[in-house]
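Chemist: Given chain A's structure and the hints, the job is docking chain B onto it.
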Amino acid sequence: MRSAPILYDGLLYVSSLAGFLNALDTRTGKVRWRFKTTAPIHSTPSLNSGQVLVSCDGGTLYAIDSSSGTKTWDVPAGGEVWTSAIVSKDTIFFGDTNGNMQAVSSTNGTLQWKRALGGKIYSTACIAGQRVFVGSSDGRVYSMDAKSGDILWKTPTGDGIDSSPAVAKETLFVGSLDYFFYAIDTVNGAIRWQHGAELGITSSPAISGDLVVFGCKAGVLRALNVQTGKVIWAQRLGQAITAPPVISGGTVWIQSGMTYALNLADGNILWRASLGNSLQSAPVVTEAAVYLTGIEGNVYALA
Amino acid sequence: MIDRRLFVKHTFLGGLVLCLDHWATSPAYSEDLIPPVPPIYVNEPAGTQPSPLRMPGLFPGHVVEIGDPQAIVANRVSQPVVRRMLERALRELTGAQDVREAWSKFIEPKDIVGIKINPSGAPACCSSPEIVREIVAGVQSVGVPVENIHVYDRYAYEIDIGSYQTLVPSGVRVIGVEDRKLDASGYDSNIYCEANFFGEWETRSYMASIVSSSLTKIISVPTMKDHSAAGVTGCLKNIGYGTFNNVDRSHRRPFSFTDPLIGIMCSVEPLRSKAVLHIMDGMRMLWHGGPLSQNPKFIFPAGILIVGTDPVAMDTIELEKIEAKRRKEGAPSVWSRDPKSLTDNGDEFFEDATKNLFYRQPHHIAAAGKLGLGTSDLKQIDHRVLGVG
Chain A
1 MRSAPILYDG LLYVSSLAGF LNALDTRTGK VRWRFKTTAP IHSTPSLNSG
51 QVLVSCDGGT LYAIDSSSGT KTWDVPAGGE VWTSAIVSKD TIFFGDTNGN
101 MQAVSSTNGT LQWKRALGGK IYSTACIAGQ RVFVGSSDGR VYSMDAKSGD
151 ILWKTPTGDG IDSSPAVAKE TLFVGSLDYF FYAIDTVNGA IRWQHGAELG
201 ITSSPAISGD LVVFGCKAGV LRALNVQTGK VIWAQRLGQA ITAPPVISGG
251 TVWIQSGMTY ALNLADGNIL WRASLGNSLQ SAPVVTEAAV YLTGIEGNVY
301 ALA
Chain B
1 MIDRRLFVKH TFLGGLVLCL DHWATSPAYS EDLIPPVPPI YVNEPAGTQP
51 SPLRMPGLFP GHVVEIGDPQ AIVANRVSQP VVRRMLERAL RELTGAQDVR
101 EAWSKFIEPK DIVGIKINPS GAPACCSSPE IVREIVAGVQ SVGVPVENIH
151 VYDRYAYEID IGSYQTLVPS GVRVIGVEDR KLDASGYDSN IYCEANFFGE
201 WETRSYMASI VSSSLTKIIS VPTMKDHSAA GVTGCLKNIG YGTFNNVDRS
251 HRRPFSFTDP LIGIMCSVEP LRSKAVLHIM DGMRMLWHGG PLSQNPKFIF
301 PAGILIVGTD PVAMDTIELE KIEAKRRKEG APSVWSRDPK SLTDNGDEFF
351 EDATKNLFYR QPHHIAAAGK LGLGTSDLKQ IDHRVLGVG
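Read top to bottom, the protein sequences are chains A and B. Per the numbering used here, the first sequence runs over residues 1 to 303. Per the numbering used here, the second sequence runs over residues 1 to 389.
Extracted from the complex, chain A is given alone in its bound form (with noise of 0.2 Å):
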């Protein structure tokens, strides 16, 4: 597995290589159902009023109804779906591989705006107000008009970006593959701060409160002041950092190579688990369990 469960409803979601999306119970890991694709799913799934969305490499992104697994509707892309849909109001949005990103009926899949960008999509946007977000293999990050799928500024950065930005106080912060770490102005796209790292960037940030938390494929995680860039904290872990970080309270959990947690105020380690095999998605924490994919197949309950 490439991707991330997610959990709703006490069942776990969880897309897998050979194509299937899984819909495991929480209290036994027993398989509810399970919905099988035409092509293997990188994808992480995403939630939509009762519907699972995933989407897979062969480039059709489908919604299934969270309880029973039976299709509701589907959508095809350009080309593969790497990517998370993201859905805001009543529109989802989701990019491909032929660097189309596209706006669908969250109702019946039904194309509202489809705008073809400079290059390959593998970063989950991010919605902020009326505005999608997203960076792309060109090396830009753009802003585009939620409605109209028009392109507002597009910001360079050195290499290709395969982070997905997150958004907090009219400030995009994203990784980029050229090695650095950059807050965006998002209203018209001005670099405020950029912080360098020793390797490139596919880790998406996590935000909270005034920090911003990232890994690199160093291996390092870091905290940044969300104003300023200045470091608060860096912590070298055990195996480069593709993953997402996740925050839930005063803690950091993240994946390199075993599962970490950290404080997230000064970045201590607090525990690690190995479960002997590479684990480098990001997990779900919740007050009973934390839930974590390896690459191997195998799908964790850490209570």
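Simulated from the structure, these hints should not be mistaken for laboratory data. Here the structure is a predicted model, which means the values were calculated and not measured. The beta carbon of each residue, even a glycine, is placed where N, CA and C say it ideally should be. Hints are supplied without guarantee of correctness; some may be wrong.
In silico SDA-like links for lysine to any residue, alpha-carbon gap of 25 Å or less [what the hints assert, rightly or not]:
1. A:K30 with A:V285
2. A:K114 with B:G176
3. A:K36 with B:G176
4. A:K114 with A:G58
5. B:K297 with A:K114
6. B:K297 with A:V220
7. A:K114 with B:G171
8. A:K154 with B:P60
9. B:K105 with B:P60
10. A:K230 with B:A74
Sample of chain B residues at the chain A side, in silico, Cβ under 10 Å [stated by the list, open to error]:
11. V42
12. N43
13. R76
14. A122
15. P129
16. Q165
17. D179
18. P296
Modeler: Okay, now just chain B, sitting in the frame of chain A:
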């Protein structure tokens, strides 16, 4: 129709002779320690017409090396500098007046070209995407449409870590032959090497179908690394072990059968005929801990490219360079067979350059030469070193 060939390494003693000089310096070496090589069968298509470009290729014995101190700065590879380096090296190798003419010696517009990267060691030390992009541009310059250019390796997971899907130009297919170990669906069941090394249940290693069926030409982009089992990993290992599955079984600590298996695999058709050009990525040289180490203290920003068609000659030069670096750093030779250097502790191996997991087999290079894949005699290699021009 299938041809079945048998390799019997009568040359255990021959192999001993090949590197006796090196072994003689290691007083702890004992012949009793090294298991004999079992017979290795090759099953390959019969009646294959070998290509005139087949290894050692159009320029046997010729190796062009080019360096530039601006090629890699602050661990970032400069694509414009790499472009200039590659163009000069190809023109020097081929004698062509311009780089398009140089590329046309190897590639035709009708080709389906595979760029065989080495992503193992990603993200710290793997085939630089900047070099891959220049190769794509070069292949396109002779008229190959972008959809007929594939960047590939066996392991999809390592390709993901290297972000190659994002970093190669749009339209180029990026292919990981297998998504997980024991996934044999991307392999050709008719072409294989068969041997029982250590009593394993699956004694066959199959050729990737992309090589046997889809591609017409292969450009190999190995990295410059020492290798805990093979001594060094270069052109031969990138092509051989990068094409066949189930190769982990050839290692069982502290022993390995990379000699002779690497060379044998490179000799199998149609692989041998399709691998027409090798562009060794020496932007970063990993001089200990290869192939997977991420330890920056063992990664040297060498900033060089080595280009040729003769994988044996190129790997011979690579071996000399890695040995020189190890000497400079006070690390033992990759030829050393001192049992005191062996460790089972991976952490120790990745931190300490005096430690290793295997008795290394750098003689796999000369053994490949004996199969006709190129020359390993330094006196016969035309090694041209270009500086900043």
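Chemist: Look at each hint and say if it fits the structure.
Modeler: Hint check results:
With a C-alpha separation of about 19 Å, the suggested pair K30 (chain A) and V285 (chain A) falls inside the 25 Å cut-off, and the hint holds. Note on K114 (chain A) and G176 (chain B): the hinted pairing is violated, with a Cα-Cα distance of about 30 Å set against a maximum of 25 Å. A distance of roughly 22 Å separates the Cα atoms of K36 (chain A) and G176 (chain B); the hinted pair therefore holds under the 25 Å criterion. Taking the CA atoms of K114 (chain A) and G58 (chain A), the gap is about 18 Å. The hint holds against a cut of 25 Å.
Taking the CA atoms of K297 (chain B) and K114 (chain A), the gap is about 48 Å. The hint is violated against a cut of 25 Å. Restraint check: the Cα-Cα separation between K297 (chain B) and V220 (chain A) comes to about 16 Å, which is no more than 25 Å; the hinted pair holds. Between K114 (chain A) and G171 (chain B), the direct Cα distance comes to roughly 19 Å. Compliance with the 25 Å bound is thereby established for this hinted pair. Restraint check: the Cα-Cα separation between K154 (chain A) and P60 (chain B) comes to about 49 Å, which exceeds 25 Å; the hinted pair is violated.
Straight-line distance between C-alpha atoms of K105 (chain B) and P60 (chain B) comes to about 14 Å, which keeps the hinted pair within the 25 Å bound. The hinted pair formed by K230 (chain A) and A74 (chain B) meets the criterion: a straight-line CA distance of about 21 Å does not exceed 25 Å. A cut of 10 Å between beta carbons decides the hint on V42 (chain B): the least distance to chain A is about 31 Å, and the hint is violated. This hint is violated: N43 (chain B) has a C-beta 29 Å from the nearest C-beta of chain A, more than the 10 Å allowed.
Checking R76 (chain B) against chain A by beta carbon gives a least distance of about 7 Å; that is within 10 Å, so the hint holds. Because the closest C-beta pair between A122 (chain B) and chain A is about 8 Å apart, less than 10 Å, the hint holds. Hint status for P129 (chain B) relative to chain A: holds, with the closest Cβ pair at about 8 Å, below 10 Å. With a cut of 10 Å, the hint placing Q165 (chain B) at the interface with chain A holds, because the nearest CB-to-CB distance is about 6 Å.
Below 10 Å, beta-carbon pairs count as interface contacts, and D179 (chain B) has one with chain A at about 5 Å; its hint therefore holds. Restraint check, P296 (chain B) versus chain A: the minimum CB separation of about 8 Å is within 10 Å; hint holds.
Hint compliance for this structure: hints 2, 5, 8, 11 and 12 are broken, all remaining hints hold.
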